[in-house]
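In order, the protein sequences belong to chains A and B.
Residues 1 to 188 in my numbering are what the first sequence lists, from first letter to last.
Residues 1001 to 1057 in my numbering are what the second sequence lists, from first letter to last.
Wrong hints could be hidden among the right ones.
Claimed, not checked - Below, computed lysine to aspartate or glutamate pairings styled on DMTMM-like, alpha-carbon distance capped at 25 Å: (1) A/Lys-69 to B/Glu-1049; (2) A/Lys-119 to B/Glu-1037; (3) A/Lys-76 to A/Asp-142; (4) A/Lys-76 to B/Glu-1049; (5) A/Lys-119 to A/Asp-174.
Said to hold, decoys possible - Derived DEER-like restraints, expressed as beta-carbon distance ranges: (6) A/Ser-82 to B/Pro-1007: 30 to 38 Å; (7) A/Thr-171 to B/Pro-1007: 46 to 54 Å; (8) A/Ser-68 to B/Gly-1045: 19 to 27 Å; (9) B/Arg-1023 to A/Lys-157: 46 to 54 Å; (10) B/Glu-1041 to A/Val-45: 33 to 41 Å; (11) B/Ser-1025 to A/Asp-46: 39 to 47 Å; (12) A/His-56 to B/Glu-1049: 17 to 25 Å; (13) A/Gly-168 to B/Glu-1032: 42 to 50 Å; (14) B/Glu-1006 to A/Glu-123: 43 to 51 Å; (15) A/Pro-137 to B/Thr-1022: 29 to 37 Å; (16) B/Pro-1007 to A/Leu-127: 35 to 43 Å; (17) A/Pro-167 to B/Pro-1007: 43 to 51 Å; (18) A/Asn-79 to B/Ala-1028: 23 to 31 Å.
Derived by calculation from the structure, the hints in this document are not laboratory data.
Predicted, not measured: the structure shown is a model, and the values here were computed from it.
All C-beta atoms in this analysis are idealised placements derived from N, C-alpha and C, irrespective of residue type, glycine included.
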Amino acid sequence: MTNDPRQQRNPPSTQIRGLPQPLSEQPWSSDFVMQAIEVLPIALVDGELVSLRPEHAESFIIAWPAGSKPEEVAAKALNGLSLRPTVLHSTSWRHAGSEVVLTYLAVVSLDSVPESWLKTAIERTDLARGDTTAPPPVIGVDQVLEHALRHLAWLVKDDNEIAAALPGWLTVLDGYVPEPFRSFAGES
Amino acid sequence: MANAPEPQWNVTCQCGWRTQGTRASVVAAVQEHGRTEHAVELTPGQVMEQATRLDNP
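Sequences and hints are given; from them, build the entire structure.
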């Protein structure tokens, strides 16, 4: 295991002693379209961006109970993971499989990341692009994250509260082309 | 008169793995997941503590 927290791969999931309390409570049926929430936690380590993700999924997706406020569902899930977001902001949505997934970017610290989660240095990637009337045929989580960071780059310039909450991030996000909320309406 | 559909359940694990389906299928899937991925043996009751039913009885 490397000492570099940006490249650190945490111990295997046998570190999980048991299943936690439900991270969200959502009735489910194969007869209707599910809505789900994806949380992409990121952190700043030594001036570089690091993403966090669960060991057994490309990203952390939880159910979104009908009638619930999505930001509260996302915050509750993060709380269940002992992650305390400095910023929690929705950045895009997409249709993935049988679900409509609303993505939240969460800026967190590395103080209490679940042992089994992976920390990876964020690399730039091209955005998924569709044509003028159709969504991209494939959308990768790395592309969702790329867009989320472009959205954050826009926010730190446009939103005074977020700018104040993220001192130093303007420089880190300088290479990201600011871009507001958009939809990824295709399958992924 | 058609039988009522069997209740459906949803469980999300901290590791990101998810499963959805009937009680029996969810219990089996979560037990297998816990056993193979986390070295944890779970009773059906422990599994269902993590699950939420489709309807609100």
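For each hint, the structure was consulted:
1. A/Lys-69 to B/Glu-1049: holds (23 Å)
2. A/Lys-119 to B/Glu-1037: Holds: A/Lys-119 and B/Glu-1037 sit about 19 Å apart, inside 25 Å.
3. A/Lys-76 to A/Asp-142: Judged against 25 Å, a Cα distance of about 24 Å means the pair holds.
4. A/Lys-76 to B/Glu-1049: holds (17 Å)
5. A/Lys-119 to A/Asp-174: holds (22 Å)
6. A/Ser-82 to B/Pro-1007: 30 to 38 Å: holds (31 Å)
7. A/Thr-171 to B/Pro-1007: 46 to 54 Å: Between A/Thr-171 and B/Pro-1007, where Cβ atoms are some 52 Å apart, the hint holds.
8. A/Ser-68 to B/Gly-1045: 19 to 27 Å: holds (26 Å)
9. B/Arg-1023 to A/Lys-157: 46 to 54 Å: This hint holds: roughly 50 Å between Cβ atoms.
10. B/Glu-1041 to A/Val-45: 33 to 41 Å: holds (37 Å)
11. B/Ser-1025 to A/Asp-46: 39 to 47 Å: Given range 39 to 47 Å: holds, Cβ gap about 45 Å.
12. A/His-56 to B/Glu-1049: 17 to 25 Å: holds (20 Å)
13. A/Gly-168 to B/Glu-1032: 42 to 50 Å: Holds: the Cβ-Cβ distance is about 45 Å, inside 42 to 50 Å.
14. B/Glu-1006 to A/Glu-123: 43 to 51 Å: holds (45 Å)
15. A/Pro-137 to B/Thr-1022: 29 to 37 Å: holds (33 Å)
16. B/Pro-1007 to A/Leu-127: 35 to 43 Å: Since the Cβ atoms of B/Pro-1007 and A/Leu-127 sit about 41 Å apart, the hinted range of 35 to 43 Å holds.
17. A/Pro-167 to B/Pro-1007: 43 to 51 Å: For A/Pro-167 and B/Pro-1007 the Cβ distance comes to about 49 Å; the hint holds.
18. A/Asn-79 to B/Ala-1028: 23 to 31 Å: Since the Cβ atoms of A/Asn-79 and B/Ala-1028 sit about 29 Å apart, the hinted range of 23 to 31 Å holds.
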